[in-house]
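Protein chains in written order, with full-length UniProt numbering: chain E, 1 to 498; chain X, 1 to 498.
Keep in mind that the hints were calculated from the coordinates and are not lab data. Watch out, some of these pointers could steer you wrong.
If several chains are the same, the list does not tell them apart, and a pair holds so long as it fits within one copy or across any two.
When the alpha-carbon atoms are kept at most 25 Å apart in a straight line, the in silico DMTMM-like pairs for lysine to aspartate or glutamate are as follows [stated by the list, open to error]:
#	residue 1	residue 2
1	K300	D478
2	K189	D130
3	K59	E85
4	K456	E246
5	K174	D476
6	K189	D478
7	K174	D124
8	K456	D408
9	K456	D478
2 protein chains.
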Amino acid sequence: MSGGRPGTQKARLGGDLSSRQPAFNQRLHPLTDVNANARLFDYEARVKESFDRIVPVLKQVAAMQCEPRFEERALELIHSELGYELPHEEINHAWVSGLDMRRLFAMSVFKTYRRISDEFYTHDPLGGRDQQAFDSFLQDCGFHLLDVTPCADGRLAHAISYVLRLPYAAVRRKSYAGSLFDVENTVQKWAETEMLRFREGRPNTADAPTRYLKTVMYHFSSVDPAHQGCAAHGSDDELAARAGLERLQAFQQAIENTYCCGASVDLLLIGLDTDTDAIRVHVPDRDSRIDLTRWVDGHKLYEITRGMAPEQARAHILELVRAHAAEQSRSTGGDAPAEGMLRLIAQLIENNISQIDYVRAYHQGGYADIGHAERFIGAGIGFEEIQLRNLTYFAYLATVEEGAADMDVGIKIFSGLNVSRGLPVPVIVRYDYHGGVPGARERAVAHCERIAAALKARYPKLCADGLLHCLRAVRDCDAGAPIEVVGCSLQTQAAAAH
Amino acid sequence: MSGGRPGTQKARLGGDLSSRQPAFNQRLHPLTDVNANARLFDYEARVKESFDRIVPVLKQVAAMQCEPRFEERALELIHSELGYELPHEEINHAWVSGLDMRRLFAMSVFKTYRRISDEFYTHDPLGGRDQQAFDSFLQDCGFHLLDVTPCADGRLAHAISYVLRLPYAAVRRKSYAGSLFDVENTVQKWAETEMLRFREGRPNTADAPTRYLKTVMYHFSSVDPAHQGCAAHGSDDELAARAGLERLQAFQQAIENTYCCGASVDLLLIGLDTDTDAIRVHVPDRDSRIDLTRWVDGHKLYEITRGMAPEQARAHILELVRAHAAEQSRSTGGDAPAEGMLRLIAQLIENNISQIDYVRAYHQGGYADIGHAERFIGAGIGFEEIQLRNLTYFAYLATVEEGAADMDVGIKIFSGLNVSRGLPVPVIVRYDYHGGVPGARERAVAHCERIAAALKARYPKLCADGLLHCLRAVRDCDAGAPIEVVGCSLQTQAAAAH
Chain E
1 MSGGRPGTQK ARLGGDLSSR QPAFNQRLHP LTDVNANARL FDYEARVKES FDRIVPVLKQ
61 VAAMQCEPRF EERALELIHS ELGYELPHEE INHAWVSGLD MRRLFAMSVF KTYRRISDEF
121 YTHDPLGGRD QQAFDSFLQD CGFHLLDVTP CADGRLAHAI SYVLRLPYAA VRRKSYAGSL
181 FDVENTVQKW AETEMLRFRE GRPNTADAPT RYLKTVMYHF SSVDPAHQGC AAHGSDDELA
241 ARAGLERLQA FQQAIENTYC CGASVDLLLI GLDTDTDAIR VHVPDRDSRI DLTRWVDGHK
301 LYEITRGMAP EQARAHILEL VRAHAAEQSR STGGDAPAEG MLRLIAQLIE NNISQIDYVR
361 AYHQGGYADI GHAERFIGAG IGFEEIQLRN LTYFAYLATV EEGAADMDVG IKIFSGLNVS
421 RGLPVPVIVR YDYHGGVPGA RERAVAHCER IAAALKARYP KLCADGLLHC LRAVRDCDAG
481 APIEVVGCSL QTQAAAAH
Chain X
1 MSGGRPGTQK ARLGGDLSSR QPAFNQRLHP LTDVNANARL FDYEARVKES FDRIVPVLKQ
61 VAAMQCEPRF EERALELIHS ELGYELPHEE INHAWVSGLD MRRLFAMSVF KTYRRISDEF
121 YTHDPLGGRD QQAFDSFLQD CGFHLLDVTP CADGRLAHAI SYVLRLPYAA VRRKSYAGSL
181 FDVENTVQKW AETEMLRFRE GRPNTADAPT RYLKTVMYHF SSVDPAHQGC AAHGSDDELA
241 ARAGLERLQA FQQAIENTYC CGASVDLLLI GLDTDTDAIR VHVPDRDSRI DLTRWVDGHK
301 LYEITRGMAP EQARAHILEL VRAHAAEQSR STGGDAPAEG MLRLIAQLIE NNISQIDYVR
361 AYHQGGYADI GHAERFIGAG IGFEEIQLRN LTYFAYLATV EEGAADMDVG IKIFSGLNVS
421 RGLPVPVIVR YDYHGGVPGA RERAVAHCER IAAALKARYP KLCADGLLHC LRAVRDCDAG
481 APIEVVGCSL QTQAAAAH
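Put together the whole structure using the sequences plus the hints.
Given below as structure tokens:
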């Protein structure tokens, strides 16, 4: 993909997110990081707009077909507006058989994805690799790894970088439908983490009294609770929370049953209102017992502390979290959590306050897209660069056989979003690998091909009608390198890769 | 399945392995464990005969159809000969529509499998859980885990308990087609092993200077080298050996590249002649460099030492292994391997001598079934109880999507073995789980169901024709419990399980 930058005609192309000005008619919270918000919004607007520009530009191209110098002008328009060089052969025969707009759409989505992915790994636009301060803070709080499972719903894809304002490189994020993470896989990750502490003192030595903190983030909708909650749990918020808690408890018990010497982990359950991005945190007691009916509410704490000076607000948030925990332990008889856990929760609440103001300032206090509005499906293993809300429907899977249910949901969503408009479902199949393992790249490529073939077998009609297209990409996650495109259903590998 | 024991009519049912007497016309090697051989043969003959009795008994049943008291007598015959209670309803309507011999055959295979599997976990007929002495010996030799990958070919399924005479519980065995083991999975296993040493001192503490020993066993045929070698490598012995070595090197390099602090592993490459069960061991140098063109030959060492007293033979084998290593290191310039590696190899050769004599005494020096003669396909994860040659075609897989190539080979083999005779392919889908992990059993059952459904989707014609039947079983491998049958394509769950 060529690096041509999007041009300047965007204003007249409708739906322009980046021209939006923050709404400063209301006072911001004293703890809100205004600069971070501006930077984050710039990134969100820029990325989403580059996808949302595709349809208007292609409509223009379609309308130009009968005009003089069509081929030349179409290539120019696509280059200046969508930032990539369309191969001549895509358009040369249009005068005979018309333009294949489905192909052009899928190609545009893949080229745009490729560009934003490259930017992410090359320039780190969110600064998420700057993790040292958070690593230290986390260890001070008594944890050597923060492992977060948000729901795979696209409306939680920004959970780490936006909602919680954490450096993505410092957090293990693995999304699952309904937040129902894979217990066996997480036990393995725990063992690997312990081994590194013992063997290599990473991130700290094994004698440090820190723990693995497993966190689940479930979600709900304050605007339309009965319809826009978690689909995997039938928009039943209580069920979503309970299912997340059960999975957390299963993981803790798996560790305790499998390993001796007092092995255990700490647990945290967080709820997210996908309309306002405000979180609620279920404060665990010292034994990781979690009460589904009690939480500290980010929104409420925002309101209570909004009139204070920053330091006062910060101190007060910690006080309120501590008071909540104390009251809870009086009523349940459990021990209050360690101070480190309280400090971490207070910090998450403080971080979330910036996000609450972000949604207020840039999204009128509540997102316009309260439902699904993803731009493509990401299937496979990887996608660290996806840190934006409603950009990607994410199906974490090693095989379509195991991930069939998630894929079917994704195809259903995109049947509404795209197929109903005659547009294809763009699927990006991705497989990250560890470059230090000989043969790993070749196996990752083979995995991509296997998954793409299985998708074709599962959705034969869509594929035959040109309504499902698949880009295949791998990435060496040890090297911190950009993705490598290894194939595409659209055409020859060469054309997709450049 | 009822525990009825097979009756005594077997002699007239043809192909009777257990009536065979050992051929003692030749002298045995002084190091051969005669008692062990008799015990092992008793087990092999008993198990295989219980499968091989099925067809003759069912032929008898078929022939009885027009005789008086058919139902009653058929049930009796099946009970006394095949050792299980056939449900009445299987046979009650035979007078109308005839007997469904395919169903009866598949059911008989599944019941027989169930019985031998139960016996294995209940009575440990091979004594393979008696591992303490070998564990100590292995650690004395400088290794804390012996991880062996034989080829998934059914002719290597007895590699641990027979060919190498090791207690199966002391060895990690994971079979792969062509011995091409999963590097990523083995790296994970290495990390878990290290973690247990650090955290729990199992099997020894991390400061003990022992290593993880990864072994590949490839195979070849001395009788028909061009056709009965490893199918995955086109019966090309050199290719089979080289592919195994490359995988070993990739694993070692993966560990060294991924972990610091001098992390490494030791490697061993063994070849097996599937006609005689004699092994050849490629002696590695001190840096795990392996020469594909040199090996110590179990058969040759057998011949050299056969006239000696046991202690003298034992000492001489070690001497010969040491001399081989010394000569090899003179010619290649590498350092000779550590004494522990030499001792382990000598022990494996000594163990293998018993097996050479086993094949000589009980199988006329070379197996009659030099090709495939498996009794069923085992698909999934588990099957520790399969320790017999040519009993099971093993497809190690978590999903049919990934294991499709292996399954296709298995189906092809059984098309020749069974379908060509009108008999169905019996597939046992198995998923072992760790009972200490909450929800693991339910997930294992779901995995079984998913795999069985995927098999049905991949081989629809065979299934529709009653030519592929599937038993589903799970097992809590932490509990050391027998398998639990959770379903069957033949009928209601209840009927298959009892």
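Now for the hints, and whether the structure bears them out:
Within a single copy, K300 and D478 get their C-alpha atoms no closer than 41 Å, and across copies no closer than 47 Å, so neither meets the 25 Å cut-off. Taking the closest pair of Cα atoms, K189 and D130 come within 25 Å of each other only inside a single copy of the chain (23 Å); across copies the shortest separation is 31 Å, beyond that limit. In this assembly of identical chains, the alpha carbons of K59 and E85 lie at most 25 Å apart only when taken from the same copy (17 Å versus 72 Å across copies). Neither within a single protomer nor between protomers do K456 and E246 lie at most 25 Å apart by alpha-carbon distance, with minima of 35 Å and 33 Å respectively.
Within a single copy, K174 and D476 get their C-alpha atoms as close as 17 Å, which meets the 25 Å cut-off; across copies the closest is 27 Å, which misses it. In this homomeric assembly, K189 and D478 come within 25 Å of each other (Cα to Cα) both inside a single copy, at 16 Å, and across copies, at 20 Å. In this assembly of identical chains, the alpha carbons of K174 and D124 lie at most 25 Å apart only when taken from the same copy (20 Å versus 41 Å across copies). For a Cα distance limit of 25 Å, the shortest separation of K456 from D408 qualifies both inside one copy, at 13 Å, and across copies, at 20 Å.
In the homo-oligomer, the alpha carbons of K456 and D478 never lie at most 25 Å apart, since the shortest distance is 30 Å inside one protomer and 39 Å across protomers.
Consistency with the previously given hints fails for numbers 1, 4, 9, ordered from lowest to highest.
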